[in-house]
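Can you make the complete structure from the sequences, with help from the hints?
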Amino acid sequence: MTGLRRGLHRAGIRPRLRRRELTLLLVVGLALVTGWASLAAQQAGTLDLGEPTLLIVYLGVLLAIHVAFLISGRRMDQYLLPTAGMLGGLSLLLMMRLPQGMAGQSLFGTLLPLAPLQLVWLVLGFGLLGAVAVLVRNDGWLRRYKYTWAAIGIGLLLLVFIFGDSRGGQLLTLRIGPFSGQPSELLKVILVVFVAGYLAENRALLTMTSSRLGPIRMPPVPYMLPMLVMWGLALAIVVIQRDLGAALLFFLIFLALLYTATRRAAYVLTGLALFAAGGFVVYELFSHVQQRIDIWLDPSADPLGAGYQILRAMYAFGRGGVLGTGLGGGLPQIGGAPAIPAIHTDFVFAALAEELGMLGGLAILALYGIIAQRGLRIAATAADDFRALLATGLTLVIVVQAAIIIGGNLRVIPLTGVTLPLISYGGSSLLVNGAIVGLLLALSDPGAELPPLPSRRPSLWRRLTGRARDVGGRIEEAIS
Amino acid sequence: MDTFTIALWVLRLAFVALIYIFLLLVVRGLWRDLRAGIASAGEPIGRLLVVAAPEGQPPAGSAFALDAVNSIGRDVNNSIVVEDTFVSAEHAMLTFRGRAWFIEDRGSTNGTWVNGQRVETYLPLGFGDEIQVGQVRLRLERPRIT
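In order, the protein sequences belong to chains S and X. Once you know that position 57 of the first sequence is 359 in this note's numbering, the rest is easy, because the numbers rise by one and skip nothing. Once you know that position 112 of the second sequence is 118 in this note's numbering, the rest is easy, because the numbers rise by one and skip nothing.
Quick caveat, the hints were computed from the structure, so don't treat them as lab data. The C-beta atom is built at its ideal place from N, Cα and C for all residues, glycine as well. There's no promise every hint is true.
For the chain X half of the interface with chain S, some residues (derived, Cβ under 7 angstroms), not all of them [stated by the list, open to error]:
hint, residue
1, I12
2, L14
3, L24
Label pairs and their computed distance ranges (CB to CB) [stated by the list, open to error]:
hint, chain 1, residue 1, chain 2, residue 2, range
4, S, R321, X, R41, 17 to 23 angstroms
5, S, A433, X, Y128, 41 to 47 angstroms
6, X, Y128, S, R776, 52 to 58 angstroms
7, S, G309, X, G35, 31 to 37 angstroms
8, X, G122, S, V422, 47 to 53 angstroms
9, S, A682, X, V75, 21 to 27 angstroms
Next up, the structure:
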């Protein structure tokens, strides 16, 4: 044992125990195994349970990431991984329970149905989480090239406008050969990186007031420009991409970051007023926006058409009651079609709330609450403005998105189609949310707060990255 | 009720109960963290990290805890004493005013610089900005809360 430790030390690795994370992961494993047993017994009708291969693979991946964290010796947050693991496990159980034909993709000649496919994405997403958390030790590459990131983001958006596939009235999916993905998922992260970088650099100037507009004191006008650009971008997404959820998400996160950076409620109020004005114009001009609002106000006006989905969701919440029908005990499908359209993406919360009841639904909300608390805590303890804003923004991407779709499911706000982070079916969403949690973990390590060191030994890798940096630097100059 | 129905109920309720046990464990841990945070309240509002000091005083890597008003200079009466040949006796003021940090040059001989830009009168600062007085480079950072 001491020999092993000495060997690791010689390689520059100092393992550090993570006892809380291990305890919590054990509870997660116990809970998921119990849930799986309940599901299998319900489906089989006996206590003869069948084989738990998928679940064992998933739990094995969580444990492997825990071990990787141990060996890396970084002093990272110990609550995020178990919480994300619990959400991912709920996702896996739900996908095992839903009709397997809802989604499928052939991979290396074998056709994967819903649950194994979701497992593949979960493994890739959590793998990305672990890799980002262990490997990202320096944030200079995010901080310095913010305009390059913004350009990439807008480029992605343009690609979708031009080459994207339209599905269900929304222009979201981009296909390249056999691969398809939703760039708007990635766009969220890129946007947060850009806004955090911009605000960290100009924070002090934005808090000064030098120009006046009637009774409102404003910062120097040129620094207000990005706010207007963001507002325009949000509207463009609504109009061209027909994606109300993403637009709402972008704008809310932007306002929250602006408030975090400047502590000025006036900005938030101005922003909300702009959003309300934009929303009103869009409502008047576009029928799909009007339809969303009408369904929200009265879904039973068109019970078999537009309002069908949300009505079925309300029935599902009702059937669930306080304790739920038990995993596998809900109403899966009506005559071959799923009871709620898009139950595996937009309406996962309704499905889980039916089978786990109000208690289960509240527990899911609490899990997102934990992510919020940890993320904002990481932001509060960060060493500088960029890290604080980045951590705040990343946390909000997950939490605000969860709030938007759960609110939509419950008919608290108009339904807009975004995924429930870490639970909904879908590769892009799982990969991006995995990367977000990984980045939060990387930011939580106080040992990562070293200044970007000047390069000492120019190796081949350094020369290559140096070349890439030159190109990035030139793009930065051209834009700013 | 047969044994199967009872077993199914037990499993269902145990699943939800275990999720709540997980939440309880997390909340207990977070509560302890918060208590530890409250116990160490009354901390400085920022810190000034010495990035480079060619003459070794103050040593590079050390940090000053900041108050709302800090004076920088070579004179011993400054709250942050910087022993450097190119630093004036009363060199600069670093102050926190309500929302933001400001640095002000006090007529020093060799000037005060922020991120490579000379401070003419005063400049607003953000956490992460680098200040140079004489040959000494200092970085404004958030206080450590943990």
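How the hints compare with the structure:
Violation of the interface hint for I12 of chain X is found here, the shortest Cβ-Cβ separation to chain S being roughly 11 angstroms, above the 7 angstroms cut-off. Because the smallest distance between the Cβ of L14 of chain X and any Cβ of chain S comes to about 6 angstroms, under 7 angstroms, the interface hint for this residue holds. The beta carbon of L24 of chain X comes within 4 angstroms of a beta carbon in chain S, closer than 7 angstroms, and the hint placing it at the interface holds. Evaluation of the 17 to 23 angstroms hint for R321 of chain S and R41 of chain X yields a pass: the beta carbon distance comes to about 19 angstroms.
Take A433 of chain S and Y128 of chain X: their Cβ atoms lie about 45 angstroms apart, and the range 41 to 47 angstroms holds. Look at Y128 of chain X against R776 of chain S: about 33 angstroms separates their beta carbons, and that is not inside 52 to 58 angstroms. Taking the beta carbon of each, G309 of chain S and G35 of chain X are about 33 angstroms apart, inside 31 to 37 angstroms as hinted. Range check, G122 of chain X to V422 of chain S: about 49 angstroms between beta-carbon atoms, so the 47 to 53 angstroms window is met.
Between A682 of chain S and V75 of chain X the CB atoms are about 24 angstroms apart, so this pair conforms to the stated range of 21 to 27 angstroms.
Hint compliance for this structure: hints 1, 6 are not met, and every other hint is.
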